[in-house]
Each structure stands twice: as C-alpha cells, then as structure tokens.
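Listed below, chain by chain, are the residues.
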Amino acid sequence: MNECLIKAIRAVGEEIIKNKEWLTELDSAIGDADHGINMARGFTAVDAKLDSLLGEKDAAAVLKAVGMTLISTVGGASGPLYGTAFLRAAAAVPGKTAVGRDEVAAILAAAITGIKDRGKAVQGEKTMLDALEPAYKAFESGAAEGKTLAGCLALARDAAGQGVEYTKTIIATKGRASYLGERSLGHQDPGATSTHIILAALADFCRNTEEG
Amino acid sequence: MNECLIKAIRAVGEEIIKNKEWLTELDSAIGDADHGINMARGFTAVDAKLDSLLGEKDAAAVLKAVGMTLISTVGGASGPLYGTAFLRAAAAVPGKTAVGRDEVAAILAAAITGIKDRGKAVQGEKTMLDALEPAYKAFESGAAEGKTLAGCLALARDAAGQGVEYTKTIIATKGRASYLGERSLGHQDPGATSTHIILAALADFCRNTEEG
Amino acid sequence: MKKVINDPEQVVEEMLQGMIAAHPQYVRRVQGFNVLVRANSPVAGKVALVSGGGSGHEPSHGGFVGRGMLDGAVAGAVFTSPTPDQVYEAVKAVDGGKGVLLVIKNYTGDVMNFEMAAELASADGVQVDKVIVNDDVAVENSTWTVGRRGIAGTVFVHKIAGAKAETGAELAEVKRVAEKVIANVRSMGMALAPCTVPAAGKPSFVLAENEIEIGMGIHGEPGTHRETIRSADEIATHLAEKIFADNPLKAGDSVALMINGLGATPLMELYIVAHKVTALLAAKQVKLVKTFVGNYMTSLEMAGFSISVLKLDEELQKLLLAPADTPAFVQM
Amino acid sequence: MKKVINDPEQVVEEMLQGMIAAHPQYVRRVQGFNVLVRANSPVAGKVALVSGGGSGHEPSHGGFVGRGMLDGAVAGAVFTSPTPDQVYEAVKAVDGGKGVLLVIKNYTGDVMNFEMAAELASADGVQVDKVIVNDDVAVENSTWTVGRRGIAGTVFVHKIAGAKAETGAELAEVKRVAEKVIANVRSMGMALAPCTVPAAGKPSFVLAENEIEIGMGIHGEPGTHRETIRSADEIATHLAEKIFADNPLKAGDSVALMINGLGATPLMELYIVAHKVTALLAAKQVKLVKTFVGNYMTSLEMAGFSISVLKLDEELQKLLLAPADTPAFVQM
Ligand SMILES: Nc1ncnc2c1ncn2[C@@H]1O[C@H](COP(=O)(O)OP(=O)(O)O)[C@@H](O)[C@H]1O
Ligand SMILES: Nc1ncnc2c1ncn2[C@@H]1O[C@H](COP(=O)(O)OP(=O)(O)O)[C@@H](O)[C@H]1O
Ligand SMILES: [Mg+2]
Ligand SMILES: [Mg+2]
Ligand SMILES: [Mg+2]
Ligand SMILES: [Mg+2]
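Residue numbers (this note's numbering), protein chains in the order written: chain A, 1 to 212; chain B, 1 to 212; chain C, 1 to 332; chain D, 1 to 332.
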C-alpha cells in the first residue's frame with residue numbers, strides 16, 4: 001500500500017510539474033512569478049527522493065521524507081507551508097503501513113493545522129487554506145456518508161476548486177499578494193490553485209486505483 | 001556690411017537649428033547621435049553672442065567671437081573643428097569691415113587649413129572636408145569666371161551637396177564613424193551635411209541680399 | 001527574454017561561483033550550499049550576522065559579506081526565499097561562539113524559512129536571534145497585510161549592526177542596534193520597467209510607454225498603483241513625502257540617505273533624484289550625514305529606484321561611518 | 001523615451017548638482033563650470049590628474065574624483081566631449097604646482113578638446129601633459145581608423161596613475177606609469193540593448209529580440225558587427241579571446257580583471273561572465289590579483305558589458321592595490 005502512497009505522490013508531482021507555467025503566471029499577477037517554479041523544483045526533488053524509499057513500509061517515513069525534501073527545495077512561502085503540512089501529516093499516521101480513507105482524513109486535518117501554525121493564516125485570507133479547508137470538510141462529509149476514499153477525494157477536489165474560485169472574490173491579507181490591497185481582487189490565488197491541483201491528482205489516482 | 005555678416009551667420013544658425021534632428025539622426029547611424037544637438041547648442045549660443053556684437057565694425061572680431069563661442073559650446077569633434085575654422089577665418093580677414101567675394105574665398109581657404117591642422121584629415125576620409133574642399137574649388141572657379149558672391153556661393157553649395165553624396169560611397173577613416181569600417185558605407189557624413197547646410201544658408205542669404 | 005546567461009536553471013549557481021572566483025579575498029562558499037561567508041569565517045569573539053533572501057537583488061546580500069557588515073549570506077532561487085537548511089548551514093559556518101543574528105526582510109517566505117533555520121540551530125545549542133526589516137512605506141494599511149516589506153533600508157541594518165558586532169558587543173546589543181535602525185529607516189520605490197525572472201522567461205508585468213509603477217517591491221511584483229510618468233522631481237517628491245509622513249523629520253535632525261537603483265537605472269538618473277531629495281532635506285534643515293547613490297538592493301534588470309531615509313542618533317551615526325570592507329561596500 | 005529626468009537639456013547640470021550634494025566630503029564644483037574637483041583641491045606637492053569626456057558614463061569620471069584617483073573630472077554634454085574652456089578650468093583648479101596629467105580617451109573630439117585646453121593652460125605656465133587611452137580591441141584595423149577607442153580600461157589608468165601621483169612622484173613619472181597601464185590593458189564589449197540620449201529622445205540603434213551587438217563602444221554607437229545571441233560563456237569567451245590575442249598571457253603572469261556593466265545589466269549576469277573569464281584565466285595559469293565587477297564605465301542605460309584585462313608587473317600591482325577613496329571607488 002505504501003507503494004501506492006509513493007505512486008500517488010509521484011502522480012501529484014507530475015501534475016504540479018505539468019502546471020508549472022500556469023502557476024507561475026498566476027503568481028506573476030499577484031505575487032512574484034515563482035510559485036510554479038518553486039513547486040516544480042520541489043516535486044522534482046521529491047520524485048528523486050522517492051526512488052530511495054521504494055522499500056519503505058512506514059507511511060509516516062515516506063511523508064516525512066517528502067516534507068523534508070519540500071522544505072529544503074521549494075523555498076518561498078509555499079516551501080515551509082507545504083513542507084510543514086507533510087511533516088504534520090507524517091506525525092498523524094505513525095507507524096501506518098496502509099493509508100486508507102481514515103488516514104487521509106487525519107492527514108488533511110494535520111496538514112491544515114500545520115499550515116495554520118506555520119503561516120498564521122485563517123480561511124478567507126486568499127491562501128492555500130481557502131482550498132484546503134473546504135476540501136477537508138467535503139472529504140469528511142463524504143466519509144460520513146460512507147463514500148470510498150476515491151469518492152471522498154473527488155468531493156474534496158471539487159470543494160477545493162470552488163475554494164479557488166472563491167479566492168478570486170476576496171482581497172489577500174496574507175502573503176505577498178496582500179501588498180496589492182484591492183488590486184488582488186479578481187485573481188485566483190496560486191497556492192490555493194496548487195492545492196487544488198494536488199487534490200485533483202490524488203482523486204484521479206485513487207479512482208484509477210479503485211477502478212483498476 | 002558687418003551687419004550683413006552678422007545677419008548671414010544668424011541665417012546659418014537658423015538653418016542648423018532647423019536641421020538639428022536630421023543631423024542627429026544621421027549621426028546615430030554612424031556616430032553617437034549628437035551632431036545636430038551639438039551644432040544647435042553652438043549656434044544658439046552664437047546667436048546670443050551676436051547680440052553683443054551688433055555695433056562691431058571689424059569682420060575679424062565677429063568671426064573670432066563666433067569661433068570662440070563654438071569652441072566653448074559645441075564640444076565633440078565638430079566643436080574644435082568648426083571653431084578653429086572660424087578663428088582661422090577671422091585671421092584671414094584682419095581689419096576688414098566689408099566681406100565680399102574675395103574675402104569669402106580667403107575665409108574658405110583658411111577654414112580648410114584650420115580644419116586640416118586641427119583634425120589631421122584629408123579629402124576622402126568621410127568628413128566635413130569632403131563637402132568643404134569641393135565647395136571651395138567651385139567657389140574659386142566661379143570667381144575666376146567673374147560670378148558674384150551669391151553666384152559663387154551657389155556653386156559652392158552645389159559642390160558641397162555633391163560632396164555629401166560622395167561621402168555615402170566611401171568608408172570613414174577619421175572620426176567616430178571610422179570604427180564602423182565597411183558598415184559606414186551607404187551613410188552620408190553628418191559633418192559634411194552640416195557644412196552643406198551652412199553653405200546653402202549663406203548662398204540663400206546672399207542671393208536674397210543681392211536681389212533685394 | 002534577452003540576458004547574458006547560460007541556463008536559467010543555473011544562474012544562481014554560476015553567479016555564486018563567479019563571486020567566489022572574483023573575490024576570494026572577501027568570501028568563500030560553504031561547500032554544497034548556496035551560502036557565502038567571510039573568507040576567515042567563523043570570526044571568534046564576535047557576534048555573526050547572517051542575511052539573505054531570494055537572488056536577483058545583487059549586490060544584496062553576498063556583496064555585503066566582509067568586515068564591518070555581514071558574516072554570511074544565503075542565496076535562494078531568483079526572488080525566492082532560501083530554504084531553512086541553507087540558512088542553517090550559514091549559521092553553523094559563521095558562529096564564532098558569541099551567537100548569530102539573522103537579518104530578515106519581512107516577507108512571509110523569508111520569515112518562515114529563516115525561523116525554521118533558527119529552530120534547527122537553536123536545537124544544536126547555537127545562540128540565534130533575529131530582526132525583521134520592514135522599511136517600505138508603500139504598503140500602507142499594515143493591519144490588513146502581513147506588514148510592511150523589507151527593501152533597500154536593509155542595507156543600513158547590515159552596515160550598522162555589522163559595525164556594532166565588530167566592536168565585540170553581545171548578541172542582545174547587536175540586536176538592539178539593528179532594531180533601532182529598523183525603527184528609524186523608511187523607504188519607498190518606483191519602477192519604469194519590469195524585470196524578467198530567468199526561469200519564468202517573460203516580464204512579470206507590462207507598463208505602457210507613459211506609465212510608471214509606484215510603491216514597487218523588489219521581486220517584480222506590482223506596486224501599489226500605476227500612474228502617468230511625471231518629472232523626476234515630482235516622482236522623487238512624492239516618494240520622499242510618503243517617507244517623511246511616516247517618520248517625520250525636524251530641523252536639526254541628522255539622517256543618512258540612500259538613492260538605490262533597481263538595476264537598469266543609470267547613475268545619472270539616480271543623481272538627478274539625489275539632487276531633488278537632498279534639496280527637500282535641506283529645506284527641512286535636516287543634516288545629511290552621508291548619502292549613498294547606486295545599486296544596493298536591486299530587482300534584476302528592473303528600471304526604477306527607491307529612496308531610503310534613516311534618522312540617526314549619535315550611536316547610529318558613529319556605527320554608520322565606521323569602516324567596512326566587502327565586495328560591494330567599502331568605507332574607509 | 002522613459003527616463004527619470006526633468007528636462008533633457010538639464011540632465012548634466014542636475015546630475016552634477018546631485019553629485020556635490022550627495023558627496024560634499026569628496027567633491028566640489030568649480031563654480032560656473034561642469035567640473036568636479038576634490039573637496040580639498042588643489043593638493044599641494046602632488047601631480048594632479050584630470051579626466052573627463054561626454055556625460056552618460058557615470059560613475060566615470062566624476063565618481064572617481066578623490067584621494068588615490070582623479071583630482072578633477074570634466075563633464076561634457078551626454079556622449080559629447082567637453083569643450084576646451086571647461087577642461088582648462090579643471091586644470092587651473094587642481095594644479096598644485098607639480099603639473100597636471102590629462103587622461104584622455106581616444107576619440108577625435110576628446111583628443112582635440114583636451115589638447116586645446118592643454119595649449120591654453122601651457123600658455124598660462126601650467127605644466128600639462130597627456131596620455132591617450134586606447135584599450136578597445138574591437139577596433140581592429142587601426143591603420144584605417146583613428147586608432148582604438150578608450151573604454152573601461154581607462155578606470156585602471158585613473159586608479160594606478162592616481163596612486164602614483166599620491167606618492168609625490170613627478171609628472172613624467174606619473175605619465176610613465178599611466179602609459180604602462182595603457183600599454184598593458186585591453187578591453188572589449190558587447191550590447192544586448194541600446195541606450196537613448198535624453199536630448200535625442202530615441203535609441204541610437206535597434207536590435208532584434210535575438211540579436212546582440214559585438215564590439216560596442218560606450219556612446220551608443222554601433223559595434224563592429226551583429227550576431228545572434230549566444231550563451232554567456234560563448235560571448236565571454238569570444239571577447240576574452242580577442243583580448244588575449246591582442247595581448248597574450250603566459251603561465252605565471254599576473255592580471256587584474258574588470259567585468260564592467262554598461263548600465264542596465266544586473267550584477268547577476270556580470271558575475272556569470274566573471275565565472276567564465278576567471279576560469280579561462282585559471283586555465284592559462286594566470287594569477288588573478290584583483291577582480292572588479294560592476295558598473296564603472298557605462299553607456300547610460302545600455303544593456304551589455306565589457307571585459308578588461310590588465311597585465312601587471314610588480315609596480316602596477318602595488319599601485320593597483322594602493323588605497324583609494326572616491327564616491328564610486330573605495331579601496332582599503
Ligand atoms: N501565511 C500564509 N498561510 C498560508 N498560505 C500562504 C501564506 N502566505 C502565502 N501563502 C501561500 O503561498 C502562495 C505563494 O507561494 P510562493 O509563490 O511559492 O511563495 P512566495 O510568495 O514567497 O513567492 C500564496 O499563493 C498563498 O497561497
Ligand atoms: N579628423 C576630422 N577632421 C575633419 N572632420 C572630422 C574629423 N573627425 C570628425 N569629423 C567630423 O565631425 C563630425 C562629427 O561631429 P560630432 O558628432 O559633433 O562629434 P563627435 O563625433 O565627437 O560626436 C563627423 O561627421 C565628421 O564630419
Ligand atoms: Mg511567489
Ligand atoms: Mg557625434
Ligand atoms: Mg517568491
Ligand atoms: Mg559625440
């Protein structure tokens with residue numbers, strides 16, 4: 001199953017790298033034109049790191065390695081934030097060798113807490129949290145309805161997508177975009193967008209796995 | 001008659017200033033884009049200087065003041081060259097209170113010697129000499145044929161114009177344009193052009209004076 | 001994108017190699033990291049200063065590594081904060097036993113990455129403290145933002161805290177002086193033309209032929225607003241007055257002034273700005289102790305400039321005028 | 001044309017006023033002239049150095065007026081040699097009784113105007129001599145031209161002859177050293193983008209997005225040829241090899257290196273060039289005594305750079321490393 005986790009993370013990385021230019025373009029509108037570049041650099045390094053973890057049984061060990069790699073390669077604001085999210089995710093699934101629906105729920109919850117601890121933002125400040133928090137809620141409600149992991153992730157992805165749309169309607173009060181004041185209106189947040197991409201990649205990956 | 005000289009020099013200045021942009025454009029092709037700016041600055045200063053010379057009877061004094069003014073305001077290569085030309089012109093008409101055909105011939109000859117002494121160029125190096133030397137020759141042949149001052153100056157102007165055309169066909173070996181080597185081919189020399197403008201203005205002025 | 005580079009992915013690496021090849025008297029590289037430290041680091045018996053941030057602000061920060069200023073500089077990717085492990089290596093390489101002060105420009109990414117590094121180094125038993133520079137008055141409503149940004153005024157922090165550290169002062173003292181500089185320095189910038197992050201390949205924004213951007217940051221991010229270009233005197237007065245409004249000056253005050261080029265603005269234009277700003281200060285009967293005109297905190301090849309005014313007391317003045325010897329800042 | 005200026009006709013005047021307002025410790029203006037001299041000029045018992053040329057090359061030359069370098073700098077209109085009367089005033093203001101050396105860049109206008117000034121000053125009984133700098137190897141066939149141009153290598157003449165003058169040496173000695181520098185320094189430049197003379201209002205040439213100009217002068221005049229843009233390493237190698245061909249280096253030789261920005265090129269790119277050129281020198285087993293990277297001899301906001309290599313003997317090396325204290329060049 002951790003082979004599966006590794007594959008899932010690789011799938012996430014592929015999507016991030018595919019969207020490198022788009023994310024950078026979004027960041028050039030309200031930031032400093034590097035979000036895609038940063039994330040792609042990070043997930044390229046993660047991909048290499050995962051090669052050395054192929055035999056790893058412990059999900060927490062994989063997640064921790066991913067977190068450390070992101071922290072040491074992404075930089076900027078998103079590096080410590082996504083990195084911390086993965087480190088906390090690791091701490092949320094100690095010793096687990098299989099990652100199912102409940103584990104993913106715990107991972108999402110821990111990631112949110114980690115991002116909030118590190119970045120001191122709350123929902124509504126035009127950050128990745130505006131995608132991740134609604135995604136987690138949707139995931140939880142899917143789980144309450146007894147949906148599969150893939151089903152829950154599909155809900156999470158859609159909620160994240162709505163969260164991205166929502167970021168267009170608000171003024172940034174955290175991160176670099178906050179310097180723009182009203183000028184940040186109308187633009188979607190790059191970090192929320194990358195969170196959406198990550199969740200979409202995970203949803204796709206799990207649907208294919210469950211179906212295949 | 002020196003009132004006339006002063007008026008003639010003012011007429012020259014007007015034409016130079018009118019052609020400021022064009023001369024600069026010519027210089028931007030094979031030089032450093034300042035010949036028109038330099039010459040216009042110089043003749044603007046000359047115009048102001050002439051105000052203080054209205055009562056001056058001595059042609060040499062007027063020409064010397066013009067030369068000094070050009071030297072101290074034009075700068076670049078053309079400043080010392082045109083300035084020296086006027087200083088030498090002054091020396092060629094000591095004490096004269098009237099400037100007729102013979103005086104102008106002496107002035108042109110002295111100017112050429114001055115420019116050559118100062119700039120060490122000869123004809124065919126793509127400089128102002130390529131306009132001035134044929135102009136002087138044409139002036140002299142007109143004088144030999146008994147033409148009036150205006151007639152001689154018309155010949156000089158036309159010869160200078162041909163000289164300008166000739167500069168398009170040669171490679172510069174003096175001044176800034178020489179750095180271009182073959183790339184200076186096809187372009188007319190800015191300094192030859194300003195010499196042509198000066199002679200044309202003088203020819204016009206004298207024709208009007210003789211006719212009027 | 002037209003640049004003198006080899007590979008957009010290698011610009012930071014090759015720049016750092018160029019810096020150590022050019023200035024071995026001043027700096028060496030911490031092997032395997034994008035960290036420059038003094039050739040003789042660690043300096044025993046001295047608090048060490050570490051700064052850094054995204055690359056593209058050269059000579060900030062590597063150019064200020066040397067006696068009287070920084071001990072170490074960490075270079076992130078272009079306009080991207082360096083990662084904690086890089087900062088951590090810098091701290092370890094420069095610590096001479098008296099502790100390390102991190103000079104951080106106030107950007108979310110910089111603050112988080114440097115703080116994570118401080119946590120790592122503290123866990124190792126290194127005494128680490130930090131100051132956060134936020135001199136940019138363009139960002140007005142700081143209750144609604146993450147606070148003002150750090151821009152060119154940071155160089156005054158390097159200079160003055162660096163001079164203090166050189167006296168053998170304790171970490172708390174060096175930090176106190178750095179915070180005093182931060183409390184007294186204000187800056188604001190503008191841009192005529194954008195810059196292009198090599199890896200992005202195109203300019204981060206576009207300005208019309210008659211448009212300028214006011215309140216520029218130093219990362220190619222847009223400023224606070226755009227306006228039609230005005231005369232140098234009008235622009236300089238506008239920026240200076242925002243600075244004066246935020247940190248009022250009275251007759252008899254002493255200041256240091258920096259007219260900082262953003263990368264592509266010729267010194268001629270910077271001196272034309274200096275001409276106006278020095279006149280504004282003279283009109284206020286403010287004493288100008290020293291003026292710095294040049295490229296200190298750049299934004300790649302952005303055209304534009306920033307003005308920084310630092311109010312000086314006797315302590316700051318003495319430290320400002322103390323000697324410094326670094327690749328990009330030498331003072332007798 | 002997008003510039004931080006007030007009036008194209010006033011740029012030199014306002015720049016000079018800005019320079020004296022910014023650096024009263026270093027320079028003062030000769031009243032009524034576009035001449036900057038040391039604050040304490042004339043310095044008695046010392047040969048004085050005067051240089052200058054068109055404006056737009058800042059920090060050349062006013063930025064190099066100060067102890068250990070120039071005594072006076074004359075600023076012409078943008079890219080236009082100053083007039084003899086201006087140079088003459090500079091000579092008079094700095095002559096401390098031991099004579100004055102004029103450092104002239106080899107351009108027809110500069111040479112003629114400075115020579116006319118020398119004639120005026122000599123007639124006054126001032127001991128005046130001159131050297132003409134012609135370091136630019138781009139201009140090859142010097143029998144067909146007025147000879148090579150003077151570009152960034154001129155700064156080495158200022159530095160080294162300035163240091164010699166500071167020792168109290170006689171005019172002939174200072175001149176000898178200046179000529180030795182001229183004999184041993186070679187430079188070559190390139191441009192990515194043109195510049196605009198304020199009074200002209202538009203760029204002096206146009207380059208396509210993928211075109212560069214090789215063998216650039218410093219007056220916005222075209223270079224020797226155009227080519228398609230190549231990598232930094234290739235361009236740097238091309239320029240360096242032209243320099244090496246003109247003044248061959250052998251293992252064990254000592255040199256100083258200058259990677260000079262033309263105005264709009266970020267330090268990052270200059271250091272990428274430095275990375276390559278220092279490697280080429282190392283491969284030749286040449287000893288690199290000191291490397292200067294930055295904007296020393298600019299061409300307004302032109303993008304591009306030049307490389308200068310100065311072969312050093314013991315005398316030149318010692319003088320190069322001697323202290324200097326000027327607005328734009330400080331060395332401990
Ligand atoms: N305090 C914060 N909390 C959560 N997310 C944040 C915070 N600050 C910034 N972000 C996220 O980081 C993204 C920008 O990341 P990136 O461009 O990589 O870093 P930087 O802004 O340092 O260049 C923003 O779009 C936003 O989603
Ligand atoms: N040695 C010389 N002898 C005669 N004329 C010269 C010489 N050198 C340059 N010129 C003339 O000067 C003109 C350029 O003048 P200008 O642009 O004002 O000076 P600069 O070249 O210093 O910028 C050239 O077009 C040429 O006609
Ligand atoms: Mg960003
Ligand atoms: Mg010219
Ligand atoms: Mg960034
Ligand atoms: Mg000129």
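It is worth saying that the hints were derived from the structure and are not from the lab.
Any given hint might turn out to be false.
Straight-line Cα separation of at most 20 Å, SDA-like style, residue types lysine to any residue; simulated pairs [claimed, not checked]:
#, chain 1, residue 1, chain 2, residue 2
1, D, Lys287, C, Phe205
2, D, Lys290, C, Lys202
3, D, Lys46, D, Ala279
4, D, Lys318, C, Gln25
5, C, Lys2, D, Lys318
6, D, Lys290, D, Ala279
7, C, Lys318, D, Lys2
8, B, Lys20, D, Asp7
9, A, Lys137, A, Gly95
10, D, Lys2, C, Gly125
11, D, Lys46, D, Glu140
12, A, Lys18, C, Lys318
13, C, Lys2, D, Pro203
14, D, Lys2, C, Lys98
15, B, Lys7, B, Leu185
16, A, Lys18, C, Lys130
17, C, Lys2, C, Gln25
18, C, Lys2, D, His225
Partial list, computed: chain D residues near chain C (C-beta under 8 Å) [unchecked claim]:
#, residue
19, Gly18
20, Pro59
21, Pro203
22, Val206
23, Ala232
24, Phe305
25, Asp313
Yeah, the Cβ is synthetic: ideal placement off N, Cα and C, and Gly gets one too.
Consistency of the hints with the structure:
1. D:Lys287 <-> C:Phe205: violated, 44 Å
2. D:Lys290 <-> C:Lys202: Distance ~35 Å between D:Lys290 and C:Lys202 Cα, so the pair is violated.
3. D:Lys46 <-> D:Ala279: With Cα atoms ~40 Å apart, D:Lys46 and D:Ala279 exceed 20 Å; violated.
4. D:Lys318 <-> C:Gln25: holds, 16 Å
5. C:Lys2 <-> D:Lys318: violated, 39 Å
6. D:Lys290 <-> D:Ala279: holds, 14 Å
7. C:Lys318 <-> D:Lys2: Given that 20 Å is the threshold and the Cα spacing comes to 39 Å, the pair is violated.
8. B:Lys20 <-> D:Asp7: Distance ~18 Å between B:Lys20 and D:Asp7 Cα, so the pair holds.
9. A:Lys137 <-> A:Gly95: violated, 25 Å
10. D:Lys2 <-> C:Gly125: Violated, because 54 Å separates the two Cα atoms, which is more than 20 Å.
11. D:Lys46 <-> D:Glu140: At roughly 37 Å apart (the allowed maximum being 20 Å), D:Glu140 and D:Lys46 break the hint.
12. A:Lys18 <-> C:Lys318: Given pair A:Lys18, C:Lys318 is violated - Cα atoms ~54 Å apart, limit 20 Å.
13. C:Lys2 <-> D:Pro203: Answer holds: C:Lys2 to D:Pro203 is near 17 Å, not above 20 Å.
14. D:Lys2 <-> C:Lys98: Violated, at roughly 50 Å.
15. B:Lys7 <-> B:Leu185: Violated - the C-alpha atoms of B:Leu185 and B:Lys7 are around 37 Å apart, more than 20 Å.
16. A:Lys18 <-> C:Lys130: With Cα atoms ~38 Å apart, A:Lys18 and C:Lys130 exceed 20 Å; violated.
17. C:Lys2 <-> C:Gln25: The hint is violated at about 32 Å.
18. C:Lys2 <-> D:His225: It holds: about 18 Å lies between the C-alpha atoms, which stays within 20 Å.
19. Gly18: Check passed: Cβ of D:Gly18 comes within 3 Å of chain C, closer than 8 Å.
20. Pro59: holds, 6 Å
21. Pro203: Nearest chain C Cβ about 13 Å off; hint violated.
22. Val206: violated, 13 Å
23. Ala232: It holds, given that the least Cβ distance between D:Ala232 and chain C is near 5 Å, below 8 Å.
24. Phe305: holds, 7 Å
25. Asp313: Given a least distance of 20 Å, the restraint on D:Asp313 is violated.
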